[in-house]
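Peer 1: Sequence:
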Amino acid sequence: MKRKSKAAPRGDTPLYQLKINLQWTKPAVWRRIVAPADMTLERLHEVIQLAMPWTNSHLHQFVAGETCYGPTGEEFAGMGNESLDESSYGLANIAPAVKSKFLYEYDFGDSWEHLIVVEKILPPDADFQHPVCLAGANACPPDDCGGIPGYYNLVEALADPKHPEHEELKEWIGGDWDPLRFDLEKTNRSLKRLKV
Numbered sequence: 041m042k043r044k045s046k047a048a049p050r051g052d053t054p055l056y057q058l059k060i061n062l063q064w065t066k067p068a069v070w071r072r073i074v075a076p077a078d079m080t081l082e083r084l085h086e087v088i089q090l091a092m093p094w095t096n097s098h099l100h101q102f103v104a105g106e107t108c109y110g111p112t113g114e115e116f117a118g119m120g121n122e123s124l125d126e127s128s129y130g131l132a133n134i135a136p137a138v139k140s141k142f143l144y145e146y147d148f149g150d151s152w153e154h155l156i157v158v159e160k161i162l163p164p165d166a167d168f169q170h171p172v173c174l175a176g177a178n179a180c181p182p183d184d185c186g187g188i189p190g191y192y193n194l195v196e197a198l199a200d201p202k203h204p205e206h207e208e209l210k211e212w213i214g215g216d217w218d219p220l221r222f223d224l225e226k227t228n229r230s231l232k233r234l235k236v
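Those letters in the sequence shown? Residues 41 to 236, by this note's numbering.
Just to be clear, a hint being listed does not mean it is correct.
[What the hints assert, rightly or not] Keeping only pairs whose Cα atoms sit at most 30 Å apart, straight-line, the calculated DSS-like set for lysine-lysine is:
1) K66 <-> K160
2) K139 <-> K235
3) K210 <-> K160
4) K226 <-> K139
5) K160 <-> K202
6) K160 <-> K59
7) K235 <-> K141
8) K59 <-> K139
9) K202 <-> K66
10) K202 <-> K59
[Unchecked claim] Label-pair ranges, simulated between beta-carbon atoms:
11) N96 <-> W64: 20 to 30 Å
12) H203 <-> Q169: 24 to 34 Å
13) H203 <-> L143: 24 to 34 Å
14) V236 <-> V103: 33 to 43 Å
To be clear, the hints were calculated from the coordinates, so they are not data collected in a lab. Just so it is clear, the structure is predicted and the values come from calculations on it, not from any experiment. For glycine and all other residues, C-beta sits at the position ideal for the given N, C-alpha and C.
Throw the hints in and build the complete structure from the sequences for me.
Peer 2: Written as structure tokens, this is what we have:
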């Protein structure tokens with residue numbers, strides 16, 4: 041596996057169109073993102089956190105084939121983490137071609153697995169300044185809701201005022217929450233903070 045090479049001038053770097061699909065959700069929770077091919081996995085983690093959005097309050101890893109990539113350093117020592125340093129590898133290193141696939145797992149307790157597929161490799165664009173979300177569907181589950189089973193219980197309870205957990209979960213989530221809502225403009229406002 042090659043280490044990330046020196047960043048090419050922005051006008052020389054192809055762009056990747058990625059589809060990020062949160063596994064086992066129905067209706068599907070997904071986002072379509074454009075990011076530079078040389079973006080580090082560390083930075084891609086930030087993009088996914090903003091695009092879904094998650095709260096970036098749990099551990100994560102990328103898995104391509106048999107290889108794991110994640111944060112490394114003293115704070116992760118002794119956790120049984122056999123990951124390669126995500127800051128040393130670029131997107132193109134682990135997904136070199138159209139239809140390449142890899143996983144992003146967030147929160148090892150709730151185990152939110154995202155399948156990421158390279159849909160297109162686009163030509164370089166000297167004016168490209170930050171990751172962009174082209175489309176998406178449905179709200180991301182809230183952090184700490186208990187993984188997929190907890191998410192479905194939450195959706196069911198919030199939809200039914202007679203559900204025994206309705207009031208408790210409505211208070212926990214902070215009021216009204218629509219599992220079908222996705223705000224493309226808000227997502228792109230968040231992504232604008234991440235310069236490439």
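Peer 1: The structure should be examined with respect to each hint, and the outcome stated for every one.
Peer 2: Tested hints:
1. K66 <-> K160: holds (25 Å)
2. K139 <-> K235: holds (26 Å)
3. K210 <-> K160: It is violated: about 40 Å lies between the C-alpha atoms, which goes past 30 Å.
4. K226 <-> K139: Satisfied, since the Cα-Cα distance of roughly 28 Å is no more than 30 Å.
5. K160 <-> K202: Violated, at about 46 Å.
6. K160 <-> K59: holds (10 Å)
7. K235 <-> K141: With a Cα-Cα distance of about 25 Å, the restraint between K235 and K141 holds, given a limit of 30 Å.
8. K59 <-> K139: Measuring from Cα to Cα gives roughly 10 Å; hence the hint holds.
9. K202 <-> K66: holds (23 Å)
10. K202 <-> K59: violated (37 Å)
11. N96 <-> W64: 20 to 30 Å: Between N96 and W64, where Cβ atoms are some 22 Å apart, the hint holds.
12. H203 <-> Q169: 24 to 34 Å: violated (46 Å)
13. H203 <-> L143: 24 to 34 Å: holds (33 Å)
14. V236 <-> V103: 33 to 43 Å: violated (24 Å)
In terms of the numbered hints stated before, the structure departs from hints 3, 5, 10, 12, 14, listed from lowest to highest.
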